[in-house]
Every structure is written in C-alpha cells, then in structure tokens.
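Engineer: Residue numbers (the numbering used here), protein chains in the order written: chain A, 2 to 358; chain B, 7 to 587.
Keep in mind the hints are simulated off the structure, nothing from the lab.
Be careful, since some hints might not be right.
Said to hold, decoys possible - Below, in silico cross-link-like pairs of lysine-lysine (DSSO-like), each with a Cα-Cα straight-line distance of 30 angstroms or less:
1) B:Lys-446 / A:Lys-74
2) B:Lys-132 / A:Lys-107
3) B:Lys-502 / A:Lys-104
4) A:Lys-153 / B:Lys-502
5) A:Lys-5 / A:Lys-286
6) A:Lys-7 / A:Lys-74
7) A:Lys-119 / B:Lys-502
Stated by the list, open to error - Partial selection, computed: residues in chain A whose CB lies under 7 angstroms from chain B:
8) Phe-52
9) Asn-83
10) Gln-89
11) Phe-93
12) Gly-99
Unchecked claim - Non-contacting residues of chain B with respect to chain A, defined by C-beta distances greater than 10 angstroms in every case (computed):
13) Phe-54
14) Ala-55
15) Leu-163
16) Lys-166
17) Arg-224
18) Gln-303
19) Arg-323
20) Ile-352
21) Leu-371
22) Met-426
23) Ile-485
24) Glu-487
25) Asn-491
26) Leu-507
Beta carbons: idealized from backbone N, C-alpha and C, even for Gly.
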Amino acid sequence: MEVKLKEITKSFGSLKAVDRVSLLIEGGEFFTLLGPSGCGKTTLLRVIAGFTSPDTGEIYFKDQKMNHIPPHKRETGMVFQNYALFPQLDVFDNVAYGLRARKLSKADIQFRVSEILKNVQLENLAHRFPNQLSGGQQQRVALARALVIRPKVLLMDEPLSNLDAKLRVNMRQEIRRIQKELGITTLYVTHDQEEAMAISDRITIFNAGQTQQIGTPTEIYFRPANRFVAEFTGSSNLLEVNVISYDPEKGLLQTEFQGDQIWIKSFNKPGDKALTVMLRPEWIKIVETGYEDKTNLFHGEVVSSTFVGFMVKYQVNAFRDKLLTIEVQDPRGYEVKREGEKIPFRFDVERPLIIES
Amino acid sequence: MGGTFLSVIRRPLDGVFDPRSGLWTSSAGGKVFRRYLSIWNVVLLFAFAVLFYLVIYPMFSIFRASFISPETNLVSLESYQKIFRLPFYLRCLRNSLWVSGLASLLSLLLGIPFAFFTSRFTLPGKSVIKTLATLPLILPTFIGAEAWILLLGRNGLFTKLFQQIGITLPTLYGWQGIVLVFTLQFFPFVFLIVSAAIVSIDSSLEESARNLGANSWRVFRTVTLPIITPSIFGGTLIVFYLSIENFGVPTLIGEDYRVLAVQAYNEFISEMGGNPSMAGAISMILVSITLLVTVMQKYWVERRSYAMSALRPPEIRTLRPFPTLCIWFFCVSLVFLSLFPFLVVIISSVTKTQGPVMYFGQFSLRNLANAIQIAPRPIFNSFFLATAATLMGMIFGLGISYLVVRRQGPGTYLLDILIMLPLIIAGTVLGIALAVTFNKGRIVLTGTWMILVLAYFIRKVPFSIKTTSSVLQQIDISIEEASINLGVPPLRSFLKVVVPLMLPGIMAGAIIMWVTTLAELSSTIVLYYGPWTTMTVQIFQYIGSGDFGPASAYATILIVSVLIPLFILNRVLGKELTATL
Chain A
2 MEVKLKEITK SFGSLKAVDR VSLLIEGGEF FTLLGPSGCG KTTLLRVIAG
52 FTSPDTGEIY FKDQKMNHIP PHKRETGMVF QNYALFPQLD VFDNVAYGLR
102 ARKLSKADIQ FRVSEILKNV QLENLAHRFP NQLSGGQQQR VALARALVIR
152 PKVLLMDEPL SNLDAKLRVN MRQEIRRIQK ELGITTLYVT HDQEEAMAIS
202 DRITIFNAGQ TQQIGTPTEI YFRPANRFVA EFTGSSNLLE VNVISYDPEK
252 GLLQTEFQGD QIWIKSFNKP GDKALTVMLR PEWIKIVETG YEDKTNLFHG
302 EVVSSTFVGF MVKYQVNAFR DKLLTIEVQD PRGYEVKREG EKIPFRFDVE
352 RPLIIES
Chain B
7 MGGTFLSVIR RPLDGVFDPR SGLWTSSAGG KVFRRYLSIW NVVLLFAFAV
57 LFYLVIYPMF SIFRASFISP ETNLVSLESY QKIFRLPFYL RCLRNSLWVS
107 GLASLLSLLL GIPFAFFTSR FTLPGKSVIK TLATLPLILP TFIGAEAWIL
157 LLGRNGLFTK LFQQIGITLP TLYGWQGIVL VFTLQFFPFV FLIVSAAIVS
207 IDSSLEESAR NLGANSWRVF RTVTLPIITP SIFGGTLIVF YLSIENFGVP
257 TLIGEDYRVL AVQAYNEFIS EMGGNPSMAG AISMILVSIT LLVTVMQKYW
307 VERRSYAMSA LRPPEIRTLR PFPTLCIWFF CVSLVFLSLF PFLVVIISSV
357 TKTQGPVMYF GQFSLRNLAN AIQIAPRPIF NSFFLATAAT LMGMIFGLGI
407 SYLVVRRQGP GTYLLDILIM LPLIIAGTVL GIALAVTFNK GRIVLTGTWM
457 ILVLAYFIRK VPFSIKTTSS VLQQIDISIE EASINLGVPP LRSFLKVVVP
507 LMLPGIMAGA IIMWVTTLAE LSSTIVLYYG PWTTMTVQIF QYIGSGDFGP
557 ASAYATILIV SVLIPLFILN RVLGKELTAT L
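Turn these sequences into a full structure, and let the hints guide you.
Structural biologist: Printed below as a string of structure tokens:
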C-alpha cells in the first residue's frame, strides 16, 4: 500500500510543525522518520493517522485521498509511545479489540489473535493484564494489537524509547522481522539514529518541520546532503577549507586548512572557494611514525582517550587549533594512545566529503 | 466561504479534532461541509442552554427586580437605599459579616493546631480521630443547630441540669449559638486543607533550614508557615463562604439576630406575588460578598500555592507522655464536642417526647415508627428528588467533563468557569431566582417537584464535574486514540474504553452529589410546596415548632442515609472527602 504525502503543512499557532512535506513511501517499505525531539515527525505521523488535520496538503493511500476520512476509518494500525494498552482488558482482549470492532466471528478472532500472539512470542501471557507485564511484553502486545487488524499502513511512534538499551536492540529486530514477513508498509518515528539505520529501508531526516534528506541508510551516512544530516547521523569532523586549485585529469582538489594542505578526490570543480568538508571519525587512521605517503598526513596531540572495549575514541588537537575526533576499532592493548602523546594520522583522498552547510 | 463570523462558527463543525493539541482545525480547503453536526458541539450548546436557563437568566431576573421599585414599577434604587440607610438592614449586613468572620477566625484557631498535631506527632488512635473529625462536614448544619438546642436551648438538657444546681448558662440563642455551630462543623475544612499542605512539604526544606542554623521556631516561622499560608487562607475563605450563605442555623438559633441569608427569604415571602425588589437587592449583596470571597480564593490563594510533592514527607515525632497527652486531649475534646450533639439527636429519636419536652432516660420508638410508617412521605420525597437530581448530574457531568478536559477551546473554557457559578450563589438566593423565573410565562415549574430537582441539579453538579474531570485528566488520551485507530468511532471509544476506567470517580461524584442533595435546605425552603416536603424541611418545621421528637426521628434517618453511602465510598475508594474539596 503506497503512501503519498503532497505538500503537507501543519502549524500550531505560530509554530510550523510540518512545513511543506512531500513523501512517497513504497508499498511494503519500512520507512523511518528520523529527527531530534520537537522536529515535527510525530505530528506528521498523526496527520497520516488522521488525528490531526493538515492545514494544506493531501494524503493518499494508493491513490485514495484520505484527508477527510476520519481516523477510525483509515485502516491504519498505530503503536503509541506509551503503548496505550487498555488496562481493564487482558492481553487477548486487547489484541482482539480491533477485530471485535470489525465484527469478525469468534472463531476468526480466536485464530487470528492466537496466531499473532505466537508471532510475537506472547502466547502464554494471553490472559495477563497490562499491569502484570514487563515493558518489553507490553510493547509486543501493542504491536500485536496493531498488526492483527491487517492495517494498510503500520504507524509506530517511538515504540522502543521506553525500553532499556539491550531490549531495544532485540525488539527492533523482532519488529523488522515481523514487518518483512507480513509485508506491511510501515512508518516508523524515532530520534535514535542507530535504530533508524539498523532497520529501515529508507530514512527521511527531519528537522524543524522539513525533510533534510531522504535515502537509504548508507546513502544518508556516506553522502549526507547537508551539515545537519552529517551531524545527526553520527559523529563527524567538519572542516572549513579553502580551495587552492583543481586538477581535472586526476580529479584532485587541493585545499588549504589552517595552513596545511588537504587533498580531496572530486569529480568536478566546486563552485565556491570556501567549502565545508566532513570526515567521519572512523575514516581517520592513526599510523606509525615515518609513514611514507605524505598525502593528507598530519600530526596531532592526544587531548583525551576513551577506551570502551571494542573501540577507542580520541580527541586530537591538530592543525592550528582544530579538535578532531578519531575512532579506532579493535585497538590492541598496547596500541591505545595516552593523553599528551603526539600521533601521526592520515586519511584517503576519497574520504573527505564535501557538504553544503 | 462566508465571512469571519461564519468561519468562526463553522470551524468547530467541519474539521478534525486533535485531542493532543486540544485544537479544532478546519479541513484542508474548507469547501467540504460536514454532513453531520459533531455531537460534542450539540452537547456544548446544550450545556450553555442549561446554564442560561437555570442560572444566568434567573439571576438576571432578580438582579433586574432589585432595581425596580415595588410600588411604582419603575427603575429605582429604592431597595438598595433602604438597605444602606435603614439601621435594620445595616444590622443584618453587619451581623452576617460578624458571624461569618468570627466563625472563620475560630475555625482557624482550632483547625490549624488540630492539623499540626495530627500530622506531625504520634497520637494514639490518630486515624480514628482524623476520620471522626471530618464527619461534621457532611452532617447538615441545621441538625447541628437542633442538637445544640436540645442541649443548651430553653428546655435543653444541660440548661435544665445546670438550673438544678443554680447556675444559669448563657443563652444559646443569638450570634453566640450561630458561631458555635458554624465553628464546630466547619473547622474540619481548615484542618483538612492545612493538613494536606503540611504533609506535602518535603522534609528536605526544613532539614536544610536547620542545617543552615535555624532553630525549630524559626524554621516554623520562616519555612513551614509561609508554605501553608495559602492553604490557611483557602480553608478560612471556605468557612466564611459557608457561614454567610447558611440559612438553617441562623433561622433556628438566631431568633432576633437577623442575617442576610434569612432576611432575603423573609422579604421574598412577603413580596410573593409582587415584585421581589428587596429580596432581589439583598440577594445581590449576598452574591457580591460570596463572589468577592471566591475571587479572593482564586487569586490570593491559588496564585500563591506552591505545588510540590513531598519526596520525603516530614517525619512524625513522638513527644514525651505529658505533651502527648495534652495534644491528644485537645484533639479528642474537639472531635467529641463537634460530634456529641449529633449523638444526642440520635438518642433523642428513640427518647420519649411530648412536644418540646424530652424525657431523656425514657425510651420510646414512637417517633421513629411514626416517621417510617405513618408519615414516610418526606423520606420518599428526599430520596426521589436526590436520585433524580443525581442521575441528571452524572450524565451532564460526564458530558461536561469530557468537553472541558478533552475538547479544549474558547467555548469549553468559558463553560468551565460558568459552570462553577452555582457555587458562589447562596442556596436561598438561587431558590428565589428560580422561583421568580419559573412562576410565570411559558414554563411554570413552581409548585412542582421538577423545580426542586432542577435547583438541586444545578447547585450540586459542579461537584460531579470536578470529580469526574479530575479522574478523566489522569487517563492518558492515547488510550482513546488507540481505540479510534483500531476502528471504533470516537464517541463509542470514549464509552467503551475511558468510562469504565472513570467509574470510581463517577461513582464518587454521584454519591457526593446524592448525599449533599439529601441534606439541602436553603433552596428547598423557598421552592417546596405541600406534598413535596423533604426530610430537611420537615425537620426544620418540627424544630421550629418545638417538636423535637419527630424532628430527631427524621434527623436520625437523614444522618444514617448520609453516612452509609459515604462509609461505602470510603471503604471502596479511600480518599473521599479531601477529593470533594
């Protein structure tokens, strides 16, 4: 079930929560709205669910215009951040609620509810009440309840944010697995970029009511459209460089940064003289003293060194006064640098990414 | 489509409501007309209509009447001039203020220590003491008046006893008696409100004051007292308000000591059939006073209240035996003093009587038997009217609560304020207003039971709305939205999913409404007629004529009818009485 949004705008008083947003979500796609708190992503979700009417714009579920269809007739299944389980009903009745509203036969209800409960691994808890369940279990009930009605679109509003870290990781896999199995078009709202990248087919980064970029996780991570996306999707070092020259044959850009020269691979000559360039911490490699290739080889002093087991994160003072973040995966014990150490580091010419501000 | 006026009206009608933001938003394009009127708009309009016909218009009628001279039927300030010139009326005003002010002050002086002793120190039997202390609040004040008349009236038990040993006790009748009854029955308001405030102070506040070098007295003076001051004001204002609008006690015990609430009624009776100019004027003055008190409550008290939840409530200290005994004695005496009279009433109901003479010590069930078997009509009337008013109140209250909590907007905001209007209008005044409005014209309701039900309904429905709204606010709106999302239309979602969760609150509101209606006197006395005499009127008449036997019989039945539902409520819910406040 394809979902199309055309120029949706929604304001609350003077605050523009959603600003001319247009999206096309493919049928069966797991599409995530990712952005910081208060950026309008939940508002957009509620517009699709029908709880909020947009000021302008249209919503289509596979060519059917949904704007004036009330929420209880839209055939969307919503999973709320606080689960919104009915406290006076047990798990079975909670999940069966939507089916009963659709006047399914008792046998059908029994079958479908049991099936979905098995799918989310809650078949033994069918007669417990919400207050007798753990957070993860409640979350699965909420998911089952939304899925069992076989909605056209599944809407999830930060469903994992109330769970602890390890559970969150497990649950997101579960959600993804079930979604793939059932093939339901899913819109997922979250502020956790790791979560978004782990399970989405495509992500749209949202900020201040506007889409910043739409793309697959790899596209967003390796080719951020602008500074906001670059900084939101992971740590990044941003350098303001000045262009000195461009060699079209080699495709190499010569730039200057705080007195040093940085070489960047580029297919065409950039228009401006001043550029913003991004380097992810893991693209910078620490090398041994005396490394031969001097291209993009620099020296810096370790300001802080944080060892978290599978990686070390360094803050390195380099160039004239730029603090860089460098991450090294699988550091061997004796390779962990200490504060005050002077280290050489480098990065390939293909790695620095030119981004718009 | 249409000018701004039309669009303002149209906005709520064709649009989607976003419960979370509380805003109505018009559909995109605005060209599509909703094919059906949103039911909630109908409810809103209905609510305003009810308010208009039962409160605003009647009040306006007497307001207008007060400015018309009864003789010439022309506009004149004659009535107001009489009030502010004639010593008789000035005395009425002064008496009202004196009695209410004194009762408030004394309630303060008794209530604050009581609150302190029960919330800060260990006392044997504390929970029993605290529960008993709240009982006077629910018992009708005029029964309290009867009780004290039985003890200290002309033929009172104690009066006679002391006469036998040659001591003449000071007379109960007059302002002393009124203040006595008010103080003993209203001090629990101060006690409850101040207790709640004391218990909500996080102990870290006082501990840090001590840590900074303050001794106990300084801590009390500079930390505790300022924090509980808004509550002290709040409780005092409640006592003042209830005292000044009270009708039964001054009538029974005041005798020649006239107060405004009683005088309004007297004027109304004498002006009946004509233009209730004096009654209107006095009513307006009374309403102005109660309005002032309510406004003071809102701005003085609520603005300054410090909302805090005690992470660690102040610890309860154990004093040495002698101080403990002293404060225990104080608390127990106060509770005893306020409840003992009611016990006397109950005993009187099974005592042999002959007119005003009580043969205490000799028992007879004749009065009770008469009340239940031969003349049960007042009992039936009271129950029927209270039930009818409560049923109306429950349904209306539920609708209004939903509007006020879930459908916020300028209309419901106004409704929320206006629906509390009946609370500032004294019972007699509202009774007079309704009588004046509905005794002529198209709808004549005076002389029927319906006008009583309407009066009770409009007077007490604010309680139902308050309890129901506060319960509804606790329920997260996402539950309703989840149900809507799963395919159940909004109204049915509300009824299926939210109302079951609200049931305890709804029942509490209903019981409070039923119980307070049962004990209502001030409006009833204006609006009742013959066959529709209620228990309260019956008791009142018997007390007035000195027939304490039958009076006590009905009074006991009334007391029992009030206590049993509240006892059940307490058992089932726990935090009942504080909720009503």
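Engineer: Find the nearest Cβ of chain A to the Cβ of Ile-352 (chain B) and say whether that gap is larger than 10 angstroms.
Structural biologist: Nearest chain A Cβ is 41 angstroms from Ile-352 (chain B), so the label holds.
Engineer: Please verify that hint: Phe-52 (chain A), Cβ, nearest Cβ of chain B, below 7 angstroms or not.
Structural biologist: holds (6 angstroms)
Engineer: Hint check: is the beta carbon of Asn-83 (chain A) less than 7 angstroms from a beta carbon of chain B?
Structural biologist: At about 6 angstroms, which falls below the 7 angstroms cut-off, the nearest Cβ of chain B leaves the hint on Asn-83 (chain A) intact, so it holds.
Engineer: Looking at Met-426 (chain B) again, its CB stays over 10 angstroms from all of chain A?
Structural biologist: Check passes; 28 angstroms lies beyond 10 angstroms.
Engineer: Confirm or reject the statement that Leu-163 (chain B) sits farther than 10 angstroms, beta carbon to beta carbon, from all of chain A.
Structural biologist: Holds, because the least Cβ-Cβ distance between Leu-163 (chain B) and chain A comes to about 54 angstroms, which exceeds 10 angstroms.
Engineer: Is Leu-371 (chain B) truly not at the interface, in the sense that its beta carbon sits beyond 10 angstroms from all beta carbons of chain A?
Structural biologist: Holds, because the least Cβ-Cβ distance between Leu-371 (chain B) and chain A comes to about 47 angstroms, which exceeds 10 angstroms.
Engineer: Evaluate the condition: distance from the CB of Ile-485 (chain B) to the nearest CB of chain A exceeds 10 angstroms.
Structural biologist: violated (5 angstroms)
Engineer: Holds or violated: are the alpha carbons of Lys-7 (chain A) and Lys-74 (chain A) at most 30 angstroms from each other?
Structural biologist: holds (21 angstroms)
Engineer: Taking the shortest Cβ-to-Cβ distance between Lys-166 (chain B) and chain A, state whether it exceeds 10 angstroms.
Structural biologist: holds (60 angstroms)
Engineer: Hint validation: Phe-93 (chain A) versus chain B, beta carbon distance must be below 7 angstroms. Holds or violated?
Structural biologist: Violated. Min distance 15 angstroms.
Engineer: Hint check: Lys-446 (chain B) vs Lys-74 (chain A), CA-CA at most 30 angstroms. Holds or violated?
Structural biologist: The given pair, whose Cα atoms are some 51 angstroms apart, is violated under the 30 angstroms limit.
Engineer: Over 10 angstroms from every CB of chain A: does Asn-491 (chain B) meet that, or does the non-interface label fail?
Structural biologist: violated (4 angstroms)
Going down the numbered hints, you'll see the structure goes against 1, 2, 5, 11, 23, 24, 25, 26, while the others check out.
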